[in-house]
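Participant: Protein chains in written order, with the working numbering: chain A, 1 to 498; chain B, 1 to 498; chain C, 1 to 417; chain D, 1 to 417.
Honestly, the hints are just simulated from the structure, not real lab data. Yeah, the Cβ is synthetic: ideal placement off N, Cα and C, and Gly gets one too. Mixed in with the good hints there might be a few duds.
[To be verified] Estimated spans, in silico, between C-beta atoms of each pair:
id	chain 1	residue 1	chain 2	residue 2	range
1	D	P364	A	E104	42 to 50 Å
2	A	S25	C	Q27	25 to 33 Å
3	C	R375	A	D343	38 to 46 Å
4	C	G377	D	S20	47 to 55 Å
[To be verified] Coverage of chain C stretches by chain B, computed from C-beta distances (three or more under 8 Å per stretch; other residues unrestricted):
id	region
5	213 to 223
6	318 to 324
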Amino acid sequence: MTEPLSFELSRPAVDPPRLPEPDVSGPAPAEVIPHEALRSRPPGLPRLSEPEIMRHYSRLASLNYSISENFYPLGSCTMKYNPVANELAASLPGFAGLHPYQEEDSVQGALELMWRLERALCAVVGVERVTLQPAAGAHGEWTALRMIAAFHGSRGENRTEVLVPDSAHGTNPASAALSGFHVLEVKSGADGRISLADLESKLSPKTAALMLTNPNTLGLFEREILDIAEMVHATGAMLYYDGANLNAFMGICRPGDMGFDAVHMNLHKTFTTPHGGGGPGAGPVGVKAELVPFLPSPTVERQNGHLTLDYKRPQSIGRVRSFYGNFGMLVRAYTYILAMGGDGLTQASQDAVLSANYLRKLVEDDLEMPHEGPCMHEFVASAQNLHENGVRALDVAKALLDKEFYAPTVYFPLVVPEAIMVEPTETESKATLDSFASAIKEIVARARTDPQSLHAEPTNLPVGRLDEVAAARRINAYLQGASDDPVLRWKAASDGAS
Amino acid sequence: MTEPLSFELSRPAVDPPRLPEPDVSGPAPAEVIPHEALRSRPPGLPRLSEPEIMRHYSRLASLNYSISENFYPLGSCTMKYNPVANELAASLPGFAGLHPYQEEDSVQGALELMWRLERALCAVVGVERVTLQPAAGAHGEWTALRMIAAFHGSRGENRTEVLVPDSAHGTNPASAALSGFHVLEVKSGADGRISLADLESKLSPKTAALMLTNPNTLGLFEREILDIAEMVHATGAMLYYDGANLNAFMGICRPGDMGFDAVHMNLHKTFTTPHGGGGPGAGPVGVKAELVPFLPSPTVERQNGHLTLDYKRPQSIGRVRSFYGNFGMLVRAYTYILAMGGDGLTQASQDAVLSANYLRKLVEDDLEMPHEGPCMHEFVASAQNLHENGVRALDVAKALLDKEFYAPTVYFPLVVPEAIMVEPTETESKATLDSFASAIKEIVARARTDPQSLHAEPTNLPVGRLDEVAAARRINAYLQGASDDPVLRWKAASDGAS
Amino acid sequence: MLEKIGVESIDDLLVDIPQSLRLDGLQLPNGLSELETMAQVAVLASRNKVYPDRLTFRGGGIYRRFIPAAVAAVTSKPEFYTAYTPYQAEASQGTLQAIFEYQSLIAELTGLDVSNASLYDGATAVAEAAMMAFVHTGRNEVIVSGYLHPEYVQVLRAFGEGRGIKVRKGGEPNKKTAAVIFQQPDFLGLLVDARALTASAHAAGALAIACVDPISLALLAPPGEYDADIAVGEGQQLGLAPSFGGPHVGFIACKKELVRKLPGRLVGIAHDAQGRRGFVLALAAREQHIRREKATSNICTNHSLCALGAAVYLTYMGPYGLRQVAEVSFRRAHALAERLKSLPGWEMAFPERQFVNEFPMRVPKAPAVLRKLSRKGILGGLEVGRWFRELKGVVTFTCTEVNDARALEELVEALSA
Amino acid sequence: MLEKIGVESIDDLLVDIPQSLRLDGLQLPNGLSELETMAQVAVLASRNKVYPDRLTFRGGGIYRRFIPAAVAAVTSKPEFYTAYTPYQAEASQGTLQAIFEYQSLIAELTGLDVSNASLYDGATAVAEAAMMAFVHTGRNEVIVSGYLHPEYVQVLRAFGEGRGIKVRKGGEPNKKTAAVIFQQPDFLGLLVDARALTASAHAAGALAIACVDPISLALLAPPGEYDADIAVGEGQQLGLAPSFGGPHVGFIACKKELVRKLPGRLVGIAHDAQGRRGFVLALAAREQHIRREKATSNICTNHSLCALGAAVYLTYMGPYGLRQVAEVSFRRAHALAERLKSLPGWEMAFPERQFVNEFPMRVPKAPAVLRKLSRKGILGGLEVGRWFRELKGVVTFTCTEVNDARALEELVEALSA
Ligand SMILES: Cc1ncc(COP(=O)(O)O)c(C=O)c1O
Ligand SMILES: Cc1ncc(COP(=O)(O)O)c(C=O)c1O
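Full structure from sequences and hints, please.
Facilitator: Okay, here's the thing in structure tokens:
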């Protein structure tokens with residue numbers, strides 16, 4: 001079952017919804033605004049009644065997998081349960097109804113929440129201050145790199161290179177580049193950790209920072225993190241922490257103590273703000289004292305219980321987003337932290353590590369395990385061993401969908417061929433892990449006996465495997481003017497009016 | 001895909017949720033309450049974490065058809081779209097947070113809403129007063145009959161019989177019986193309307209009331225309603241209106257004007273309060289002046305803008321429910337009425353009649369139409385014509401499920417063999433009606449060519465056709481002590497502890 | 001569409017309606033936009049005073065309790081709340097299974113064999129139970145023993161009148177007695193001797209009907225343990241907002257022998273041809289749509305969605321969570337009683353009786369005291385003299401897990417001021 | 001589980017962490033029950049002042065508008081809000097199709113060829129558009145013409161600094177100019193000559209970037225009509241609550257020629273082997289996870305759910321509903337301006353300029369006036385002198401469909417008192 005587009009369901013007979021009437025004597029637009037500044041014809045929006053709209057979206061919703069119904073072991077994404085209380089908190093009128101330009105006196109509760117969240121995040125990652133402004137992890141990375149650039153600049157140093165491990169997430173090099181740095185790649189060793197030798201060879205007086213996540217994207221803790229920090233700092237560079245993997249060790253250790261100077265956090269991973277099918281998230285950045293002067297403006301300050309927004313930050317990198325960040329997500333994360341407490345967060349990380357190692361154990365004979373364990377909160381397996389049967393990681397992923405599991409992250413990190421990256425999180429029960437492992441076993445068995453059938457997966461979903469290559473061809477044709485088919489949007493066949 | 005029971009998912013390892021601690025010095029129950037008054041062991045409730053609970057119910061939800069996703073042409077049930085604004089209104093803290101025993105001064109808004117809703121309902125059905133206390137339609141029927149009994153009693157008359165047409169809903173005779181009346185059935189004529197001759201023959205000085213719905217359950221307007229009213233009143237009996245079919249004529253005509261003395265309304269049909277998978281609804285009862293003294297206590301009264309609950313009603317039948325009725329449903333219905341207005345309600349009924357006649361037209365060659373049209377807001381067809389192929393109304397119903405339509409009401413009203421009772425409502429689009437008609441056509445065609453396959457329907461749902469006969473046998477065995485299988489509930493195999 | 005039907009106007013479809021009855025619209029204002037509608041509704045809501053949960057000490061059948069966010073997150077799923085009664089079982093397994101679980105939870109809680117799918121409220125549940133006893137025993141009198149909720153008694157009387165059942169207050173059961181009905185804890189919050197009441201009913205050949213507080217059952221012996229035949233009660237405390245008294249849910253559970261007399265819907269297990277388990281409406285032959293005037297009750301629409309909420313609540317709590325809720329309420333109520341009875345002139349109304357988390361006190365100048373509390377934003381106890389002459393000046397106070405220690409302090413301070 | 005893994009304790013799994021780094025828990029209080037958590041959060045919420053929608057006349061980028069209940073009813077569906085970015089297309093058709101519809105709606109509204117799947121906000125949307133122009137033209141200067149939202153300018157500067165893009169305020173475009181950026185209506189609510197600005201940009205070989213108010217596009221010529229190359233804007237008005245500034249959604253649409261430079265996600269049509277239509281993430285080769293440091297942007301998580309909300313809003317309104325919303329706002333703002341300018345000492349700051357539903361006034365003693373309004377529960381206009389020295393004493397007022405005629409009266413009365 002697929003669902004038509006809202007545009008295809010549109011019926012000209014539908015009246016617009018009842019809306020307020022202009023109950024004042026003001027002029028109509030056409031009486032005042034010059035004709036050429038006015039729209040020539042109405043936008044081609046669909047016309048549907050409220051019941052039709054609700055049914056349309058209900059049906060669309062039912063086409064989605066989500067953690068509310070399915071295990072979602074998407075490595076690096078920390079798809080853990082999103083407590084429903086978080087949603088209630090964010091929708092309280094005392095938060096949702098605030099205009100960002102209200103006077104400070106009238107938003108003391110909101111500022112206090114931000115201030116407390118900042119303090120809590122400082123405690124978790126071991127830093128001096130945190131900016132809540134960045135809207136997502138990547139945005140946080142870039143923000144941190146802008147601060148690092150400003151820091152070096154303030155000392156008259158011209159450091160133009162950022163080092164990024166080959167196992168890093170794509171946002172790391174992209175953020176570095178957008179921040180004006182050249183990106184040098186650092187190799188991983190056979191044990192899945194960064195090669196100290198290679199790092200040594202890339203570090204130079206031009207190095208502005210090393211970006212690292214720890215545990216790295218292979219789910220392995222960088223045992224030599226203290227040595228790495230020393231090496232980086234010795235060259236005058238800074239150490240940046242990609243906090244996507246923070247769920248591995250809350251209450252167990254802290255990036256700040258490892259020597260990281262700047263740390264972004266994904267509230268939409270570790271702190272249970274829902275992912276929304278692709279955001280909004282929030283990517284606060286914590287920094288050690290040296291970087292504090294460069295934090296985005298404004299910061300939230302507290303004196304004698306009174307809260308203010310401090311815009312007087314002469315060395316600030318400026319603003320990275322309008323207003324004060326994704327406030328609604330901050331409310332959710334704060335609610336989660338209050339409910340969990342220090343004890344709960346610690347337990348969460350311990351359980352996350354336990355789940356990952358347990359699941360790893362269950363499937364270690366079925367898939368290749370390119371690196372030795374124990375892992376932290378996630379592990380990366382490889383479908384290389386199915387190569388001889390002509391089965392790829394993608395086939396395994398699609399076959400899992402047919403068993404009502406979302407697929408793990410595949411083909412990332414790039415350093416593992418046919419990577420299958422599994423992050424079960426602490427909120428899944430043993431029963432779920434067991435049944436996921438059984439599914440893997442069945443699929444691997446089928447790969448041996450009937451590999452062809454796996455290429456046809458999925459077969460039980462609203463659509464079968466979608467042909468992305470053909471799609472790309474059609475898009476190219478459209479963009480090159482070789483086709484009128486607006487494949488990146490709907491468009492009325494005739495004249496655009498609906 | 002079926003879902004295990006919560007009891008089957010239960011895991012002893014799950015900790016209870018965090019809850020407040022007793023932060024006072026009060027004694028523990030065992031210190032105060034005698035041992036034999038205490039529970040001997042904890043109740044066998046399941047133990048699940050919040051994520052597991054939410055996933056369990058999400059999966060259960062996905063096993064349901066509902067008007068939010070599917071056309072639900074359940075005759076007599078008026079399954080129309082439930083506006084989401086209604087839900088918001090009922091959940092406002094100013095309503096949801098009220099204790100029923102707060103002082104009247106502190107609930108003026110709630111009382112005002114009830115008063116206004118009463119006035120609006122009076123306007124729609126043409127009566128003097130309305131009680132909002134009954135919790136559902138059947139409860140309203142019974143309440144009205146209690147008032148009618150009290151009325152006759154107050155006049156020293158001993159009227160012991162209630163007349164109910166053979167086409168009536170089962171709640172009518174049941175309510176009459178529970179109210180202490182003998183029930184006499186009145187026959188329908190060939191044209192689907194009540195037989196005046198038969199009515200004449202049953203009316204007597206013992207008649208307390210005739211219960212009628214108009215349009216009747218065949219979707220046909222009782223053309224001779226004014227004559228009927230005259231006949232009934234002439235014998236000193238009262239005329240009761242079953243308001244399940246009110247959606248047929250709001251703003252077009254009124255039961256009060258037809259001569260009905262008491263009228264129940266199903267707010268969960270006509271006034272869009274959601275049906276909740278079987279309630280809660282609300283079944284207010286409107287009455288003409290003669291019955292006003294007998295209304296349940298309390299009523300809501302308004303004087304100089306001040307609202308009070310009037311308990312001083314010496315002739316009242318008393319209380320039919322605790323507190324003031326299903327207040328949350330009253331809020332929803334009032335919200336709907338405000339949004340629709342007189343114009344909107346009138347339009348709704350006109351559209352409902354249009355939809356029903358349109359759909360009837362589309363399928364009139366496929367199914368038997370035992371009565372001539374036009375119909376009002378619903379119509380009753382018959383699958384008699386498929387009898388020669390061994391196909392029954394039930395098979396048609398189950399086959400519709402496989403086409404993602406809920407089934408119409410079947411085997412009701414009892415006067416039509418193999419009845420298929422279809423009520424499309426005004427909130428469905430022409431496109432939906434068209435596709436439903438196509439589905440009927442396909443099924444009828446299959447009944448001719450491959451009737452056997454229809455007996456196997458449904459095949460695409462979580463479960464196939466369930467064997468109710470075998471189920472009843474197992475229940476009997478359990479109730480007769482011939483089996484330990486507690487088929488009406490779950491029970492732990494061993495000792496009940498979970 | 002008119003064209004397809006073959007008529008020219010809607011009026012052509014309304015020909016069966018006598019012309020004299022036709023209206024020209026309704027005497028109601030025209031419709032409003034959603035914005036204006038919600039604004040008007042919000043104005044009405046704002047004209048009510050909502051006391052904070054933690055400063056609410058009034059009970060009398062409706063209680064403030066912690067409601068997990070999970071409850072509304074489930075009951076607000078359109079797949080649940082916009083479905084009808086599950087007539088087509090195969091397309092309604094969500095509702096049916098949820099109700100089956102609810103039935104099982106209520107059976108576990110009450111210690112009885114079978115529960116139905118829900119009733120309207122606690123009051124009608126008492127009345128329905130009385131009617132079961134009437135039919136089962138063929139006797140036409142029921143005895144209400146002790147302080148049963150006064151509104152439940154009123155509803156019981158109204159129902160009884162229809163069927164010719166006499167409602168007697170107190171007294172010993174005898175050969176005419178169909179059932180003894182008692183509330184545990186009673187309307188004032190006090191424990192009754194449920195075991196003895198049940199035994200005396202049984203000795204007279206009558207049924208014992210226990211009206212119970214579902215949360216208290218985490219602490220107190222359930223009806224099944226003292227051999228009551230039917231347990232009923234109000235389920236509001238199981239995750240439902242007070243909402244000015246409704247909608248909530250009445251529950252009813254009984255012994256196996258009485259199942260065929262149960263009112264309303266009942267869900268049972270069934271299987272399909274492949275042997276897959278599913279759920280169906282069971283024992284429908286009791287019901288009005290089959291048995292018409294001979295049905296056990298006239299109930300059709302019941303309170304499914306509220307039952308679903310209660311099921312989510314009980315599943316969220318689990319056996320130990322529920323116990324903690326009950327125990328915290330118990331301890332706080334006892335701590336509060338200690339404090340209140342030391343106020344000048346205040347005394348326990350029934351010092352010799354035990355209670356769980358609601359208790360009656362004699363309060364000097366009760367109306368003035370309650371008004372004073374209200375001015376301070378506190379919803380004080382309930383004056384039960386309104387219903388019982390002998391209890392003039394008696395006020396019942398309730399504590400639950402929402403009334404934290406600080407709230408108790410605030411109450412006592414406000415009373416001492 | 002430990003046993004299966006073959007270790008004795010969690011610590012055995014943490015052996016890779018240097019002992020010196022190990023903590024003994026966090027310096028945070030212990031966890032709370034949901035009841036206590038929500039109570040604490042509610043206390044914070046209660047320490048904020050929420051002005052009624054109808055008495056809010058402040059805009060400056062965030063507006064109070066009527067939000068249909070349908071929007072939250074869709075975005076609060078767990079199937080939408082608890083899904084991840086739709087990497088596995090076949091199991092994510094709900095999100096993908098909804099985004100495809102959002103893209104189509106934005107394209108229709110702006111009159112441009114293609115929209116992306118969403119950006120963080122209006123400010124970053126402006127910055128991303130500037131970066132597109134920088135890459136497309138190979139030029140490293142952008143001109144901000146007129147009153148662009150000051151915070152957008154700040155963000156643009158911060159982004160520009162990283163990539164070496166100079167941000168110039170005003171002036172004529174020349175050979176170094178990558179783009180001319182203007183806001184229509186501008187930050188003060190005034191109309192600019194979008195056609196002329198676009199033409200002058202094009203004449204210099206630069207791109208024209210229009211930052212637009214999405215609701216105003218129901219009235220005003222869309223960027224596509226005056227040939228702008230990129231349209232960006234803040235989507236908060238499309239059904240999203242103010243929420244102290246976020247999360248909302250930045251939108252961006254462009255001409256076909258620029259699509260390969262678009263930042264972020266893009267959804268396109270694809271088919272399966274049976275020819276069934278589905279939706280996939282398209283042109284991924286632009287993105288960071290494939291192109292890494294050469295990607296068009298670093299965006300990964302974007303603002304999908306907010307885009308979904310905007311799509312529901314626009315679908316609810318349809319072309320004529322949206323027009324009515326815009327027109328009612330327009331008429332009310334003009335009526336209010338008439339009233340305000342008759343107040344003693346008040347005058348239109350730019351009497352010769354046209355506006356839509358936000359307008360700047362010179363207000364004597366503005367801070368005191370606004371404080372007075374606040375005391376009466378009215379959130380008055382915005383003092384824009386905070387950002388622009390030349391606009392000291394200028395206050396912008398906003399009207400939308402939520403400010404009914406009576407609300408305008410109340411404002412004027414409060415000001416006259
Ligand atoms: C390791 C890692 N780093 C960075 C990011 C980027 O975070 P965001 O998606 O919030 O921009 C991700 C997200 O997938 C990630 O997994
Ligand atoms: C004709 C008719 N009368 C009465 C009723 C009973 O109403 P309720 O289910 O609200 O008790 C119904 C409900 O199905 C009905 O269709």
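Participant: Find the hints from earlier in the document that the structure breaks and name them by number, from lowest to highest.
Facilitator: 1
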